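Protein chains in written order, with numbering that gives the first Met the number 0: chain L, 0 to 287; chain G, 0 to 313.
If you are wondering where the hints come from, they were derived from the structure by calculation, not from laboratory data. Do not take every clue at face value.
Cβ pair distances, simulated, as ranges [what the hints assert, rightly or not]:
id, chain 1, residue 1, chain 2, residue 2, range
1, L, Ala48, G, Phe71, 22 to 32 Å
2, G, Ile95, L, Asn136, 33 to 43 Å
3, G, Leu154, L, Val110, 46 to 56 Å
4, G, Ser156, L, Thr161, 49 to 59 Å
Given the structure is predicted, the values throughout are model-derived calculations rather than measurements. For every residue, glycine included, the Cβ atom is placed at its ideal position computed from N, Cα and C.
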Amino acid sequence: MIESRSDKIFSIVVYIVLTIFGLTIILPFLNLLATSLSDQVAVSNGSVAFWPKRFTLSAYQFVMENRQFWNGLKNSLFITVVGTLLAMVVTTLTAYPLSLPKFRARKTFLVIFIIVMLFNGGLIPTYLLINQIGLRNNRWALILPCLISTYNMLLVKNYFETLPEALYESAKIDGATELQIFLKITLPLSLPTLATVALFYAVGFWNAYFNGMIYISTPDKMPLQTYLQTLLNMAYIPAHELPPEIAESLSTESIRAATIFSATLPILILYPLLQKYFVKGLVLGSDK
Amino acid sequence: MNPQKKPNKFLKHLKQYGALYLFLIPGLILVLIFNYTPMGGIVIAFKNYDIFAGGSPIESIIKSEWVGFAHFKALFANDDFTNAFENTLIISTYKIVFLFPIPIMLAIMITDIRSKWYKKTIQTIIYLPHFLSWIVVTALFIQILGPYGVINNWLKSAGVITQSIAFFGNNDIFRGLIVISAGWKEVGWNAIIYIAAITGIDPQLFEAAKMDGANKVQQIIYITLPSISNTIVMLFILRIGAILDAGFDQILNMYSYVVYDKGDILSTLVYRAGLGQQNYSFATAVGLFNSIVALVMVLGGNWLSRKIFQKGLW
Chain L
0 MIESRSDKIF SIVVYIVLTI FGLTIILPFL NLLATSLSDQ VAVSNGSVAF
50 WPKRFTLSAY QFVMENRQFW NGLKNSLFIT VVGTLLAMVV TTLTAYPLSL
100 PKFRARKTFL VIFIIVMLFN GGLIPTYLLI NQIGLRNNRW ALILPCLIST
150 YNMLLVKNYF ETLPEALYES AKIDGATELQ IFLKITLPLS LPTLATVALF
200 YAVGFWNAYF NGMIYISTPD KMPLQTYLQT LLNMAYIPAH ELPPEIAESL
250 STESIRAATI FSATLPILIL YPLLQKYFVK GLVLGSDK
Chain G
0 MNPQKKPNKF LKHLKQYGAL YLFLIPGLIL VLIFNYTPMG GIVIAFKNYD
50 IFAGGSPIES IIKSEWVGFA HFKALFANDD FTNAFENTLI ISTYKIVFLF
100 PIPIMLAIMI TDIRSKWYKK TIQTIIYLPH FLSWIVVTAL FIQILGPYGV
150 INNWLKSAGV ITQSIAFFGN NDIFRGLIVI SAGWKEVGWN AIIYIAAITG
200 IDPQLFEAAK MDGANKVQQI IYITLPSISN TIVMLFILRI GAILDAGFDQ
250 ILNMYSYVVY DKGDILSTLV YRAGLGQQNY SFATAVGLFN SIVALVMVLG
300 GNWLSRKIFQ KGLW
């Protein structure tokens, strides 16, 4: 069919609008990267746009030698890996019984989990609780309270509900226990949704800065995002914290940009590879 | 399976479902400790909490004196509270008015694209900011909008301004900055659900419309929008329900005392008053007010959604 003139114009407008929107997302990253690779003179006279000027790697040299950065990275990796694994265990274990129609008590338990999605004690009582149970300045304070999100649990539960009941029936007849059914049938059949939810948890743990800010008091236990936040709030980095050979040539902006870019790199690399899974899993899971 | 009939119903139930209760234990313990226990801590909104009243937080809570509703009565006479409450509603309303329609438009545009390569690339790009923390997003915006950032430089070299604009420190600009950066981060991601809805429309409807000579704009008005109107209305109701969530992480990272006037919201006030000034009871009272109004809004939205669509958030 021949496209009419107005349809052609429509298509052109679509391409233009989407491309501009896409650029507004990419260009700030290019600006950040360019700033991180430019020297002090270029950054402070404001001439760096999307390409490095007076190219230098010394900001990255500083990041690589910065103990706080590596500590943060180590803590964030620990929190993200351990947190995501435990969260997946707890979330799937909870979602499984709640997805079985034969389990009459499920309605009551579902309410218990939905209530915490709708109402919470608030910042101060939670803060006092963490102090009370001695999790202050402990990395587990950044993991334990975040192991079950009702929203994620419902995504998993809704997906479990779509699995054919006949599979469960035949396993039951073969004498399989609930744990065997859960491990050998339910989980393997739900991989796209589980990958999506694992990604949500991992991103949540990786990006969390607030609990690190209020519960962690020693820098060596700080997660990376909390360290980034302190860096962001610093007007400038004191000269004595910089190695003397680069202190002259390096601006605070470049160091900040190099640190932020290095901290975001894992997401920038992993995300496009995982994208196809989460879109699929999200659409499947949300379709009740 | 044991064919014998057990006389005790409870034992029978336990034998059949016992394993399922065990499955629930880890999740239940976690929500009991980290979600339900703090709800008990809300009592400090009705006391004058004194950290030094006891040896531990719980002891201090028990030993602090009751003041009843005193903190709540004081709320509306408190300028910080009324300012933050007003800002919460205004910023949220701006976000809804300006940002709610954009994902719908994006979804319509994306589903119109024929080139598979372009479609995939643009989706990958526009979903990306959703996965960045507000720390990183704030850093990007400070980078671009800072005194030596590209925007100020362009405006200067174009002769529009002579002095740099302090985007983050200007009460007239701050709310706009909040709405734009929230849009930058989330509108792409929020389009996903509409893209799924549009992809689900029967393609025959579009074919028939084309036969009748309808152009793309007419197809959008007469087919696409009516077909996804349920999704739109439902998400709109749920969005209104979340009106008291004006974006804590975003504002905490982007604001400073210079823009409290137009930028301070209830949750940032709770943080400053509570953990900053250690005004625990007042902060908890503000937080409780926020939680209760939010709860009523969410329940109302869900009730409405169920009434209209037989489908809610849960």
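Right, here's what the structure says about each hint:
no.: 1; hint: L:Ala48 with G:Phe71: 22 to 32 Å; verdict: 52 Å, violated
no.: 2; hint: G:Ile95 with L:Asn136: 33 to 43 Å; verdict: 40 Å, holds
no.: 3; hint: G:Leu154 with L:Val110: 46 to 56 Å; verdict: 55 Å, holds
no.: 4; hint: G:Ser156 with L:Thr161: 49 to 59 Å; verdict: 58 Å, holds
Checked against the numbered hints given earlier, this structure breaks only hint 1.
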